[in-house]
Amino acid sequence: DSGVTQTPKHLITATGQRVTLRCSPRSGDLSVYWYQQSLDQGLQFLIQYYNGEERAKGNILERFSAQQFPDLHSELNLSSLELGDSALYFCASSVWSAADTQYFGPGTRLTVL
Amino acid sequence: AQSVTQPDIHITVSEGASLELRCNYSYGATPYLFWYVQSPGQGLQLLLKYFSGDTLVQGIKGFEAEFKRSQSSFNLRKPSVHWSDAAEYFCAVGAAGTASKLTFGTGTRLQVTL
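Protein chains in written order, with the numbering used here: chain A, 283 to 395; chain B, 87 to 200.
So that you can see chain B by itself, here it is in the shape it has in the complex:
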């Protein structure tokens, strides 16, 4: 069964500082990996996704993530955080085929201090 672990429940960073959110996955085959962001009272917005190819993927809002098969990780990074990045971030793993679902991690709440 597929699973996702986000070890950090809550992270606080200063505006302008760099950010790395950790994600580890468990999946038997090549995974489809996603990062979503959820602002308070909002739905989930896709930041970026990895299916295959280049292991460093670029997303929206200046985010990037690197797929490391050897470490079963897909960490999200941003070089300089803005106050508007404060939100909850979810890593998810999906399976191929039409019978598909996303398995989400428990989320990391990001707080940005000014």
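The following block holds chain A by itself, in its conformation from the complex:
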């Protein structure tokens, strides 16, 4: 158990819909990262927040957005869903930077039908 929690574990929805994935970092961690794992793209970095502020952006679609709240939990919002958005979405957290280990949550498996 990494100490990072993600809800829900599984999500099945239809194309065109909007979903919200939630992540609670380990106690004391200020940075939250979102990654997408799919068969064709592998593990890809989406976005990082540090203490409520966006710090780095990767291959995140415009239909996707994220935020980190004052209690440091984070949400990833995916809208206008397409079949290709089906993937495993991981949240990771670390204390400060890449010099600190990123601990991964168990992931949310999103299936878009």
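Hints were generated in silico from the structure; no laboratory data involved.
Where hints are given, some of them may not hold.
As the list claims (entries may be wrong) - Not everything, but these chain B residues come out facing chain A in the computed CB check (under 8 Å):
| hint | residue |
| --- | --- |
| 1 | LEU130 |
| 2 | LEU134 |
| 3 | PHE176 |
| 4 | SER186 |
| 5 | THR192 |
| 6 | GLY193 |
What the hints assert, rightly or not - To spell it out: a stretch of chain A is covered by chain B in this simulated footprint if at least three of its residues, at any positions, have a beta carbon under 8 Å from a beta carbon of chain B; those stretches are:
| hint | segment |
| --- | --- |
| 7 | 353-363 |
| 8 | 385-395 |
On a predicted model such as this, the values are computed, not experimentally measured, just so you know.
Quick reminder that beta carbons are idealized off the backbone N, C-alpha and C, glycines included.
Once you have looked at the hints, place chain B on chain A.
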């Protein structure tokens, strides 16, 4: 831009045999290097990491990795593989600073035969 190459998509070894998983990275400065393991249906667990100092790093579950700057490599090794080591292994490179991300390789799936 940073990148990671794991040339072996799938490796099969016998239980008790030694293991080496290859990882090559591309990064302009001194990299932060990681090996993670992912069991089916699970998240990623850190095996070991290299930031600086001794180029041979020890990790959990009997794994070790050696950083070779001249070869841009960070290969993962284990002297004797157990059936429970069957999983997918990912090498990753990270950058310094608070604006950080991990760039992952495509992974190597390890199968262990009894």
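Hints versus structure:
With its C-beta approaching chain A no nearer than about 4 Å, LEU130/B sits inside the 8 Å limit, and its interface hint holds. For LEU134/B, the shortest C-beta to C-beta distance to chain A is roughly 10 Å, which exceeds 8 Å, and the interface hint is violated. At about 7 Å, the closest approach between the beta carbon of PHE176/B and any beta carbon in chain A falls short of 8 Å, and the interface hint on this residue holds. Given hint, SER186/B at the interface with chain A, holds; its Cβ is 3 Å from that chain's nearest Cβ, closer than 8 Å.
Evaluation of the THR192/B hint against chain A yields a held restraint, the C-beta minimum of about 5 Å falling below 8 Å. Contact between GLY193/B and chain A, as hinted, is supported at the beta carbon level, the nearest pair being about 7 Å apart and thus within 8 Å. A count of 0 residues in the segment 353-363 of chain A with a Cβ less than 8 Å from any Cβ of chain B is obtained; the coverage claim is therefore unmet, three being the minimum. With a threshold of 8 Å between beta carbons, the proposed coverage of the segment 385-395 of chain A by chain B holds, since 5 of its residues qualify and at least three are required.
The structure fails to meet hints 2, 7 from the earlier list, while all remaining hints are met.
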